[in-house]
Amino acid sequence: MDSQLLRDLKSLLGPEAVLHRPEELMLYEYDGSVEIARPNCVVFPRTTADVLAIVKLANQYQTPLVGRGAGTGLSGGALARKGGILTVFSRMNRILEIDIENHRATVQPGVVNSDLSAAVAHAGLHFAPDPSSQKACTIGGNVSENSGGPHTLAYGVTTNHVLALEAILPTGELIRIGSSALDSPGYDLPGLFVGSEGTLALITEITVKLTRLPEAVKTLLAIFETLDDATETVADITARGITPAACELLDGWTLRAVEAYVHAGFPLDCGAVLLLEVDGIAETVQSHAEEVADVCRAHHAREVRVARDARERDLLWKGRKNAFGAVGRLSPTYYVQDGVIPRTKLPATIRRINEIGVKYGFQIGNIFHAGDGNLHPLILFDARDESQFRRVVAASDEIIQYCIAMGGSITGEHGVGMEKDRLMPLLFTEAELDVMRRVRDAFNPQGLLNPEKIFPSKKGCGEIHVRPLPLAGAPSAPSV
Amino acid sequence: MTSSAISPNVTTRLNEIVGAANVASDFAQLATYEIDRKLPAAAVRPATSEEVAEIVKFAAAEKLALVPTGARTKLGIGYAPTRYDLALDMTRLNKVIAYDPGDLTLSVEAGIPLAKLAQVLAEHRQFLPLALPFSAHTTVGGAIASGVDSPLRQFYGTARDFLLGMEFVTGEGISAKSGGRVVKNVAGYDIHKLMIGALGTLGVITRLNFKTFPTPLERRGYVARFLSAEHALDSCHRFAQSPLTPLSMEIFSPQAADLFASPAAQRVAETPLPKHTFETGEWTVAVTYAGNEKVMARFMAELGHSTNPINIRGLTLFTEETLPPAWNRQREFIPIALASSPATTIVKMSVLPTRMKDALAAARQAAETNDLRWAAMARALGIIYFAILPSDHTDQHRQRVANVTSAMQQACAKLAGHTTIPWCPAEWKSALQVWGPPRQDFPQMQKVKAVFDPQNILSPGRFVGGI
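Residue numbers (our numbering), protein chains in the order written: chain A, 34 to 513; chain B, 8 to 474.
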């Protein structure tokens, strides 16, 4: 990296806000996915003006620039694929404004997701998107990836809760799009920028809607002898038009791994469980919960437990939200997919995934947002073994191709990033990808911002770029 | 009326693409495609998205401007197109492509009427929460391209919250899609969100994928009447802090009572309103919700908590069976207002909920100072439709209406809100600034337009800033 650029960055931000030694950079070469890419330097802006100045320097030195929150992403979105300056927003973590009466908050991008909910809990409000990494992940990251979570089944994903953004385009233009008031006239630019995976702008301020916490919640654990019974239950709950607040599936194998780690009281001898939640007003929650429990029993649930209090409820959710961490104890590495299918195809798809596991000789765990049809098959493998690595990629490609054949998508909430760019041609024609590339180029004309993400490189289309890990230093398990 | 002329070889090519029976060029037919006194030179009715792409490709090559149309109920929104060579009538693309009731997902062609689609969904006790004005005629594509909102947004959100994906044809004739057909998807940019409310300036929508919703088992409602706007808005605002989740919550000004009793209202809802639903001289808060009698009791209790009973002048409860006469009129407030004056001007203000009181007060004061009849409908989330109802088209009235709209724009700007004028007489549009004052994010919108329609042939000039 240009040493003059480093000096400029240090004089701009102070030496304590610029990292460049190899041992420092190693911490920023990975995220929650299996991807690796090392930046040339890492900077920590504190203000919008800092970000603007960083963008100007990146332009001056024609250096790639990538934004990053907490690094919990699952598709390599916040990795510096072409090196350059990694801009980490962790010090821009102030909640700027809370408007309780109008249910609005304005935050800096580095605010941790659950910190915002905690800050408004006293008023009975919360920020509804709840990725499993919510205790670490930032709202800026959520906005870039359009993150989901278990409760997005009823409450919607991040984009449904974002009203306005302040952002800096890679050309050095500061823009404000959308507004705190609804129905900002003109094109829905926040709708375009949310979920653009950091390829259009660096976001410096976010205005979100806050959501009232439900008055009453019931959390149910439905225990099934077979995985099929559990998936049939999900399809039936959906078809009957019952919308629980959350509907998560854990298969028996995953459950045993989780129980050994979390001790949530999950049964060790079952085929699968559904973690279901219904919420609303006191007058309706009980009957709603009974309705859900009846469908579970109609599909041979062995037992339907209802959490008796907040402690039991939290324990069940702790089991779900720490599941990936638990699985990480069993294997040096795992690969997690994020395919989506219509809910009616859930039973057949899960059967197919397990067949694919057998075919390639892998244990595949299933723990996912069943109510959304958003699968997270977890393939355990040893990334240090190149042949295993290749088989994992082949197995997961087969899973994704099946999802697409079912009318689904390659990613429900983790993003395309650098992990699934080569899969984009399975969903979109070259002409369609070109339209999207032109949208990117309109805001990011030189491609300096987050280069080589989302779109497959035109020539090497379909080539596998993920690499086996070096023998030491496999990344620790993130949560999903 | 003005219309552009096209050469005979244009007609020949259009005939080749869609068949001569689906190309109209006689005055009587073209008159039905009028936008603000402008007629196209031809109207083309494609039957497939491939034909749409062919037409747009041809139009791009010939630099012909085209405006996609559906049921033509909302072409009055926005400016007149600066050029209007072809009307692209989408109503033959009217099929349900895929409907998976078990997955609550749906894919339809853009020209399908909303009412026809509602019947298909009703067979499975499902629906799309688009309770839109002109509901008897409007197409799904028109509903999305116009961006008109629905009282049900209180609970279900707007189209951007349940539109899963879209297929469209760009201004260069490229067929493309974004999003998908599953309920959760982050692959690629959400281009379909840009197309919502864009009035066909970015692409011709050919297919739309939606999340559908189960129809509530029991729907109920009530209207509570108040002596003043302040009391009505206060009640709504306090109610909004409760854990209850109404499907809709709207506020109507006293004049709505007259509007809803007018012949124009009878045309949209034949069944007369029950007595004391809307009363002259009283502000009405109209609420619908899903739930049984226990839920009803809770809503009544919450209304009691959020309102000093002394301020409630009257209360009428509705069941699923008795709701429609009031509900249909509420949904059709805009068409009823448009039929209630020869020069109806409908101003839309959006502000934070706590600022609705000030926005509405500024609008009322301006209308009354200028001696203009008015009526208002507001949604509790912070949207106000303020209908100015002058008695005629004269310059004198245009000037008075302009005084009112500019006072509203100023008041709304102070409240950090937005003012637009979705409907007004065609010849008043340039004087009234129908999209509001120039916007600082306009350069970003121009970038988007340049990507999708580099030659500016799609609905040119109709949208914000004259895009």
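Bear in mind the hints are in silico, worked out from the structure with no lab data behind them.
Some hints here could point you the wrong way.
Said to hold, decoys possible - Listed next, with one range per pair, are the computed distances between beta-carbon atoms:
(1) E323(A) to Q453(B): 34 to 42 Å
(2) Q453(B) to A82(A): 23 to 31 Å
(3) A464(A) to Q372(B): 51 to 59 Å
(4) V127(B) to K351(A): 37 to 45 Å
(5) T276(A) to V127(B): 50 to 58 Å
(6) A105(B) to D474(A): 29 to 37 Å
(7) P331(B) to T462(A): 40 to 48 Å
(8) P281(B) to E323(A): 31 to 39 Å
(9) R341(A) to P331(B): 22 to 30 Å
(10) K351(A) to P450(B): 45 to 53 Å
(11) E323(A) to P445(B): 38 to 46 Å
Backbone N, C-alpha and C define an ideal beta-carbon position, used for all residues, glycine too.
- Tell me, which hint numbers fail for this structure? 1, 5, 9, 11
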